[in-house]
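Asker: Line order of the protein sequences matches chains Z and H.
Number 223 in the working numbering belongs to position 223 of the first sequence; there are no gaps in the numbering.
Number 199 in the working numbering belongs to position 199 of the second sequence; there are no gaps in the numbering.
Some hints here could point you the wrong way.
Unchecked claim - To give an idea of the chain Z side of the interface with chain H (calculated C-beta under 7 Å), a few residues:
hint: 1; residue: 135
hint: 2; residue: 136
hint: 3; residue: 209
hint: 4; residue: 213
Since the hints were derived computationally from the structure, they do not count as laboratory data.
Treat the numbers as computed from the prediction; the structure is a model and nothing was measured.
Where is the CB? At the ideal position from N, CA and C, for every residue including glycine.
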Amino acid sequence: MATVKNWQLGRDMEYPYDARYPSRQFAFVFNINRCIACQSCTMACKSTWTFNKGQEHMWWANVETKPYGGYPKWWDAKILERLEDANPGGQVWGGTPADGRFGPYGKFDGQTIFEAGAKTLTPDSARVLGYLPTDEEWNAPNIYEDNPVGKKGVRNKLDETGEQLPVHNTWFFYLARICNHCSYPACLAACPRKAIYKRPEDGIVLLDQSECRGYRKCVEACPYKKSMYRGNTRTSEKCIACYPRVEGTDPESEGIPMETRCMSACIGQIRMQGLVNVAEDGTWAEDRHHPLYYLVHVAKVALPLYPQFGTQPNGYYIPPRWVSRPYLRQMFGPGVDKAIENYVNPSRELLAVLQLFRRSNRIIFKYDIKEGPKIYEGMLHGRKVELYNDTVIAFGKDGRELFRTTVEEPVHVRSNAHANSI
Amino acid sequence: MIALAIAPDLMEEALLLAEPGAERDRAAAFRRERNAIYDLRDPEARDAQFHAFNLRWFARFGLQTRVEEIVNERAGFTTRLCGARIVRAITRAEEGADLVDPASRAQKTAGPLLVLRLRPQSLLDRGALQALLRHELMHVADMLDPAFGYERALPASDGGPSADNLLRDRYRVVWDATIDGRLDRAGYGSPAVRDARAREFGAAFAMLGEAGRTSFDAWWNEDRPTHAAMAAFAAGPVHAAASRCPVCRFPVASLDDRVRAIEPPVAAAIREENPSWRSEQGLCSQCLDLYEARYGTASDRVCHY
């Protein structure tokens, strides 16, 4: 095993291959507070990439109701249990959150799936701790939809204080998921054929169909279960991050990098996808006015999904503010409290950046803010709040303006002239 | 000896699951041979090669023999079948055996077709597979036995689909009890199976109370059950007076015991909407929950959502 730096864990970790970093990394932020589980993303992906024979069970993009739902069923609980079995009581975070880009959530003192695999598995399969889901587990992609958590130990009754604020006792939330195009992919680490690779130009993780021989080690190893086996071709498949769109080679993109199908279809405007610059040490290079860099490293409102698995996933989530904090800390790490605090009391800049979500399908590489007038002053959560109608301007890869939008949304009043006109 | 046709997808998945448990050399040979097939460009030729490969390795891993041995323990009835197929089940609940009519007229004279539904992982566990197939094949043996007098449809009840479902479920519980009882006496049982069946029987026939235990013992020890006797037993309690809620008139497995401690405002509300109802008649859990939620003292606390 080689030693690599994992900035999310705030420490070095073991990985089967030496570190190799792309110049840019495909990454995304999902604002869970906004997701309504309309499944538009799910269907956009399905109708683009997985509508063929043999792919019936495949949902590269899915939205599941947490805490009970999951595709495949119990995927996260199962891998968490295996890690706990491998390192009883040791899967904890420590250290102090760093101000810089390395270790912003403190230091993870437990074992990753690579480290636990090396310690607990037999030599032949020692690369990654994982499991192969059964047919039944793949078979119900939206199981337990809208099922909330009630009072512990009380069946068939709603918690009488379930709706209390700020954290609900009765809760559920929607977790939208795609492949995280991890910096240290478990699928890549596990493949005995080296059929999986990470593209140097954008960090997208792809599976070479001509090299795959259907060992299914990637399916077993991916802790997010986003690698799937196709019976009729006898090869595994996974999300390709709609790479022709990201490259700008898709005919629809007209040469300009475009966000993926699942992002573009998001009517809840929860998603933003981009390409972040990667430094030589694998951390995100300083890029103060990149919206994803700002959300993850400056505002610190967006957090990686299960960072403790150790794959350094590139999907980030603004955690749902109404959900039990211990549950969220397990899912997103110790940065949860600060992320929610910052999201509930947004800075002037954060409020402007949040307006960038889904105003365009083009990939945003930089933003700028033009200050506007104060439009509101009042109290919220016992704090003074001031709102400014700032204009946020998005720029594309070539530095040209993509669009501009304001904090205060424009109001359209329907004309009396026609019943259905705006 | 009956020939088993095993669905290709079931066979292939079972092989892929069996591979990690195989001896090192054997697993390496399996992989070498399988990987070479991927080099074939023509999809049809490749599929054909995979099928042939699966047939070979299903036998080499001993999975074919494992299934055949268990099925052929039932040599007595296999001659009355036109064939046997094993297809892939997705869930544990889907696993089982059934008899279906063959599609062609010529085959119909040769008897029905045995269809077994199994999950791929069930083929790997010899003990569990034996237990499952012995139980399921006993069902099939009964269905083919003229003395058993099996009929596909149970007598129709006048209670609608929910009553029919109850009847079917009770019939299944009785039949399962007689099968596991017979297997137990043949040396294939275990105390855990008997306990599980007793619990299932107790839940399905809760209205029998203490007498349920005696009934269970009788069915467990029955060596020559018949379809008619089991159907009559299953239907009996359904037609009893207590099997229909006096308020909503829906058939139910049992009325709710909590009615003894019903709050006066709740009882008054039920009587107001159902003047002929008396608390001694009882009511079902659904009705009791509904009236308690609307008129019980707890309703003030929970109905403000």
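Asker: A closest beta-carbon separation below 7 Å is what the hint needs, so does residue 136 (chain Z) meet it against chain H?
Answerer: holds, 5 Å
Asker: Interface hint check: residue 209 (chain Z), Cβ to nearest Cβ on chain H, cutoff 7 Å. Holds or violated?
Answerer: This hint is violated: residue 209 (chain Z) lies away from chain H, its Cβ roughly 10 Å from the closest one there, beyond 7 Å.
Asker: Classify the hint on residue 135 (chain Z) as holds or violated, based on whether any CB of chain H lies nearer than 7 Å to its CB.
Answerer: Where the cut-off is 7 Å and the nearest Cβ of chain H is about 5 Å from residue 135 (chain Z), the hint holds.
Asker: Identify whether the interface hint at residue 213 (chain Z) stands, where standing means a beta carbon of chain H within less than 7 Å of its own.
Answerer: holds, 5 Å
Of the numbered hints listed earlier, the single one contradicted by the structure is hint 3.
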